[in-house]
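A.B. asks: Heads up: the sequence lines are chains E and S, in that order. At position 3 of the first sequence (counting the first as 1) the number is 7 in the working numbering, and the numbers step up by one without a gap. At position 226 of the second sequence (counting the first as 1) the number is 230 in the working numbering, and the numbers step up by one without a gap.
If you're looking for bench data, these hints aren't it; they were derived computationally from the structure. Check before you lean on any hint, since a few could be wrong.
In this list, chains with the same sequence are indistinguishable; a pair is considered to hold if it fits within one copy or across any two.
Stated by the list, open to error - Here are the simulated DSSO-like pairs of lysine-lysine, each with C-alpha atoms no more than 30 Å apart in a straight line:
| id | residue 1 | residue 2 |
| --- | --- | --- |
| 1 | K194 | K425 |
| 2 | K74 | K266 |
| 3 | K74 | K378 |
| 4 | K425 | K391 |
All of these numbers come straight from a predicted model, not from anything done at the bench.
Protein chains: 2
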Amino acid sequence: MSFNLSDENGNIKFVNNTNFDITLVEGGVCAPHGFKASGIHCGIRASRTKRDFALIVSDVDCSAAGAFTKNVVKGAPVVLSQKNVSDGHARAIICNSGNANTCAPNGMEIAHGMCRLAADKLGISEDDVLVASTGVIGQPMSMEPMEKGMDELVSNLFDDAMASKYAAEAIMTTDTRLKEIAIEFELGGKNCRIGAIAKGSGMINPNMATMLCFITTDVNIAPEILQRILSNDILDSFNMVCVDGDTSTNDTVLVLANGLAKNDRITDEKSYDFEVFSEALRSVTTYISKNLAADGEGATKLIECNIRGSISIENARKAASSVIASSLVKAAMFGADANWGRILCALGYGGAYIDVNKVSVDFASAKGVINVCKNGGAVDFSEEKAKEILLENYIAINVSIGNGKYGATAWGCDLTYDYVKINGDYRT
Amino acid sequence: MSFNLSDENGNIKFVNNTNFDITLVEGGVCAPHGFKASGIHCGIRASRTKRDFALIVSDVDCSAAGAFTKNVVKGAPVVLSQKNVSDGHARAIICNSGNANTCAPNGMEIAHGMCRLAADKLGISEDDVLVASTGVIGQPMSMEPMEKGMDELVSNLFDDAMASKYAAEAIMTTDTRLKEIAIEFELGGKNCRIGAIAKGSGMINPNMATMLCFITTDVNIAPEILQRILSNDILDSFNMVCVDGDTSTNDTVLVLANGLAKNDRITDEKSYDFEVFSEALRSVTTYISKNLAADGEGATKLIECNIRGSISIENARKAASSVIASSLVKAAMFGADANWGRILCALGYGGAYIDVNKVSVDFASAKGVINVCKNGGAVDFSEEKAKEILLENYIAINVSIGNGKYGATAWGCDLTYDYVKINGDYRT
């Protein structure tokens, strides 16, 4: 495993864990054939320097799939997107930042209004538009800035790299880094692409995050298969990200697949192409997940917890999430303190089965690996070496919890002064 | 409800919610008849100014009850105290701070050694000694300082107020305030007393906290009844305290009841005396719970979440705990930000049943009450007034979640820079 968190451009490094070739390409959600995007400032946010209104459109009808927050309190856009994606087809995604459109009396009206605006201007059906909102909960929201900005949003639709970046920028809230990726791979001799934009970065917890991720692909795939792949994918990607333990009301992952790569349509769960597409998608969602964690509110480090030796995958996920979500572990990572007792403590209360007397804990980073706990107890280790390892910006906590065959990985970040600062007065 | 957090001495104010008289008395765990306590520095901690070794002893045999952490990773003292309390009898509690005696290879040996030391010096049976430890997990521990200090610990056993304070001081870790109380009330014409000392203040979460609470009483009560009362009590007291979401490995609540008040022995769950003792104990555990929350690591405020309108008590507890545990709610309280959307969000993911369209949220403090959410949505309110209310050091978040008849209360604190600072490098 490589511990270089960032590539030469300062972006989180993409890792290809598949056994086929994946090439990084420019263009984000506009990289796949037949997709355009746009992002403008329409005035939902006061600051004119921050884009707040985004649109992604496919030239042709798409197979569509979605995954949404499990919070009982759901934003109106979540409710409407769940409905609109349920037939497996869509052509556009419209999204605003600056207001979550959640717990607002006119929430459904606004969500419908946003879909209708896009549908009217694009000449498509309203229920082929998916919608998402992010920002403060419970604030009154008006259609006015979006109505005024809609012409500009549509006239700025382009299929180039800049258009994807503008859309990515428009969905950001407290994110400090734009989150975007596009990859190219081969399916039955055809070049296929997957692109994605996303935003974090607080109110993020297993079972999705205040996170939005919009994924485009030109792969030809049946909608029910696409939905199955996505539903399975999030269990080990977005659901394994935890910034602060708060599961948002608005989490949304949407995938549009327009088929323009002209590969043989994927309709069979047992086919080779199904495997390749699943793994290619996973490489994208893993990349985005790491990005979300590394850019968690106030974060200075990406923390990765790798569980091994578990009696099942579900159990491993539970254990990994419990370690990553622990405020005390997070604070210790901020302080580069090899306080492994807190890791055992988090394993112990997380509800996962662990064989306490067989637990071992290693810390790893670009500076090396150090074993700090073996057979559930202390081992002699160099505090100096541990400090050196933990001062890096990408830390792995590798934990073996028994003799089982299963593992899982969760991603999170450290708990810092800046998290408190950012969230002490988010609304002002 | 009174929002004066502190009394004239700067201690958390005691509230009597029973319909009988309760008088605050001096003396902590030494206030009930026939109890002595001691607290010294024996050298587990380097700093000679901090006591680290405590002992509480009853002159006669006691009915004993205990409640312990649900963490799968348990400190050795927890395992041994569970065993020693299981016969319903005990006479002494021995406790050290500075080392949790958890995940240490010689953990059981040390825990047994501590009980044996006390038993030998006091001339009682080893299995009548209960033991607890608090401090860092996974550090090697030696009997040596305790062996050397035992004579001093026993020769400093006194039944006065200072002795209780020394014991309370000796069990503190990152606590900033000593936690102690004693009350007097009447049972069948006899004056009875309950005293308690406790420590917090990080690694605190529902299902107990890194908290130790030792309770003494001279009430005459059958052990199985005492255990039943304690097990029931913690559901609405200690289990409703959350500082940081981390359930400790060492949480321990112990009650010793020596019967010297000479009331008619409580043996019947349906008796009036059973009710009176239960409520008196609850007033003590509620006081201690509020103390633990208010003195949570880095805390500047006590936050209380009162849930009403729930379909069951269990459901209300779940909802209250979810709000109190939310990092985002805690950070908003630190910033005196009336960001009620985060409260709805926390209610939504906490697993409690809520009738979203009927949720209302009020903030209350010594500065007044303000309604910020009604029928699950925004209401117009004065941000200025809300800020004034939230700038106080004792805040209630009053939430109605539907038309049910049940309620519950949870206590916590704000999330501050100091929490991060304290936990960024706890071990040094």
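A.B. asks: For each hint, tell me whether it holds in the structure or not.
C.D. replies: Here's how the hints hold up against the structure:
1. K194 <-> K425: neither (49 Å within a copy, 54 Å between copies)
2. K74 <-> K266: Cα proximity of K74 and K266: none, with 35 Å in one copy and 56 Å across.
3. K74 <-> K378: The answer is between: 23 Å across copies meets 30 Å, while 37 Å in one copy does not.
4. K425 <-> K391: Answer is both: 26 Å inside a copy and 17 Å across each meet the 30 Å cutoff.
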